[in-house]
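These protein sequence lines are chains A and F, in that order.
To convert a position in the first sequence, counted from 1, into my numbering, add 9.
To convert a position in the second sequence, counted from 1, into my numbering, add 9.
FYI, nobody ran anything at the bench for these hints, they're computed from the structure.
The reader is advised that the hints may include incorrect statements.
Said to hold, decoys possible - Derived lysine-lysine pairs resembling PhoX-like cross-links, with alpha carbons at most 20 Å apart:
#	chain 1	residue 1	chain 2	residue 2
1	F	Lys-225	A	Lys-225
2	F	Lys-136	A	Lys-225
3	F	Lys-136	F	Lys-225
4	A	Lys-136	F	Lys-225
One-letter residues, chain by chain:
Protein chains: 2
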Amino acid sequence: MPQFKRIAVVGAGLIGGSVLLAAARRRLAGSLACWSRSAEARAMLKGYGVAEVFDNPVDAVRGADVVVVATPVDKMEESFRQISPGLAPGALVTDAGSVKAAIQAAARVLPTHVAFVGAHPMAGSEKAGAAHASAELFVNRPCFVTPTGAEATAEVQRTHAFWQGLGCRTVECGARRHDEIVAAISHVPHASASALMLAVGGLPGFDSATAGSGLKDATRIAAGEENLWVGILLANATHVAAGLRAAEEQTARLRLALEAGDAPLVRQLLADARVLRQSLDRPA
Amino acid sequence: MPQFKRIAVVGAGLIGGSVLLAAARRRLAGSLACWSRSAEARAMLKGYGVAEVFDNPVDAVRGADVVVVATPVDKMEESFRQISPGLAPGALVTDAGSVKAAIQAAARVLPTHVAFVGAHPMAGSEKAGAAHASAELFVNRPCFVTPTGAEATAEVQRTHAFWQGLGCRTVECGARRHDEIVAAISHVPHASASALMLAVGGLPGFDSATAGSGLKDATRIAAGEENLWVGILLANATHVAAGLRAAEEQTARLRLALEAGDAPLVRQLLADARVLRQSLDRPA
Chain A
10 MPQFKRIAVV
20 GAGLIGGSVL
30 LAAARRRLAG
40 SLACWSRSAE
50 ARAMLKGYGV
60 AEVFDNPVDA
70 VRGADVVVVA
80 TPVDKMEESF
90 RQISPGLAPG
100 ALVTDAGSVK
110 AAIQAAARVL
120 PTHVAFVGAH
130 PMAGSEKAGA
140 AHASAELFVN
150 RPCFVTPTGA
160 EATAEVQRTH
170 AFWQGLGCRT
180 VECGARRHDE
190 IVAAISHVPH
200 ASASALMLAV
210 GGLPGFDSAT
220 AGSGLKDATR
230 IAAGEENLWV
240 GILLANATHV
250 AAGLRAAEEQ
260 TARLRLALEA
270 GDAPLVRQLL
280 ADARVLRQSL
290 DRPA
Chain F
10 MPQFKRIAVV
20 GAGLIGGSVL
30 LAAARRRLAG
40 SLACWSRSAE
50 ARAMLKGYGV
60 AEVFDNPVDA
70 VRGADVVVVA
80 TPVDKMEESF
90 RQISPGLAPG
100 ALVTDAGSVK
110 AAIQAAARVL
120 PTHVAFVGAH
130 PMAGSEKAGA
140 AHASAELFVN
150 RPCFVTPTGA
160 EATAEVQRTH
170 AFWQGLGCRT
180 VECGARRHDE
190 IVAAISHVPH
200 ASASALMLAV
210 GGLPGFDSAT
220 AGSGLKDATR
230 IAAGEENLWV
240 GILLANATHV
250 AAGLRAAEEQ
260 TARLRLALEA
270 GDAPLVRQLL
280 ADARVLRQSL
290 DRPA
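Next up, chain A with everything else stripped away, as it sits in the complex (with noise of 0.2 Å):
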């Protein structure tokens, strides 16, 4: 018998299209469900023939005992308000959204009969689109799970549960402490990626067709779709404006290296940032 009995999928993109998958191939519900404001996806996620589609998203939740709210960060609160006619007591209502205390403050919205415990599997693609979806994503990927402290301990155990099911290893921790650990090994690398494109766009020596490697590696992140990160970066504005003005200081620090032509401080700096960059290679 299946640990869920019905599962619905608000929003379903690259993330909520690959919960469907991969709950539907692991067998995870009795029954799946969802919607998806795009008319093209939800015809794409009738063809893959494993959830029911609805045309809104308030039908999307009915009768179900959990709800992924899967809709870009900025959409979010607006997505709790519509689903919160539809949703059984007694429900759980998680979310895959790249902030978490801006959503948590957004989920004060649903009704009291239901629990709300977020979430952020840190498994994502520079493509996006239920297009992209895939039943393995989570297989093996962090799971970051950030109860307020206030819910049952049932409720959250029933979210490591739900995403451990799908694939993921799930980490517990506040909603803040998240925010702050994503802008560091999400947010402004990526923001810092599309400023270097633009500044490095800008050069008389830029030529596209000769770039190499190096610059391809470092601005690839920079090719997301910005309508999902305009929303993910205002929503953790502070950690991530924090961290683009620590890069801004230390390109600075290089840079007056090099003018100054300090070849021992030049060697310095790049000799710590290689220290760290291996430490990311290293087996946890």
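Dock chain F against chain A, hints included.
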């Protein structure tokens, strides 16, 4: 009959070692000779069995019609001085350095009975050293050839023929223009990735164990060997510093937009960066 009589490689790390392996596989010369500063690298090169390995640079270049200087950028002038007494009249000296104006100036110490034409094969890796050398490193890689305009046309043609013989696609331009181009597509991204790594490494949310592919990609080149890069960045300091200043400005622009909560501007900056980044993957 091979195209060249004898090729000598001075400084046989990743690039120099790959020149030897590629020249051997493609039977580009009647014989190959080399020198490396490191006894360990010399032992490895002897083990490859493709070239005569010498204990000092001046003996390595005797009798060669083509000499490739592939020592670090900040060691080039010293290498030119060391090999000068051994150079055969009429020999072509070329190099593989990542900057060209500074090396062109350093090459003025070479005797007048040889020709110097600078070159820069865009075939690197964050892995340094002869241990990572490959006979296929240059295949289809762009190689800049940067004559001053004062050389005999035949010498410039010989330089193109040499690098094409290793598998490169050669591109000709002046040394200053070269330096401007590689600042944009290589040196600024490298320095910027190092600065980002230093910044992120100092943030309270940084944890090397949770870093995902975004941060890893954005900082991959910061793992490069600082002893090579300090010379490159300093020898191209004017262009690199201008590029880093642009990176600081674009980062500040994005940060200020985030701090102001200006969603349309954040979206526009991210969209502009995405379009530029996508242009790098477009077939030329």
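Note to self: Hints numbered earlier in the text: which of these fail when held up against the supplied structure?
What the structure shows: Per hint list: zero violations.
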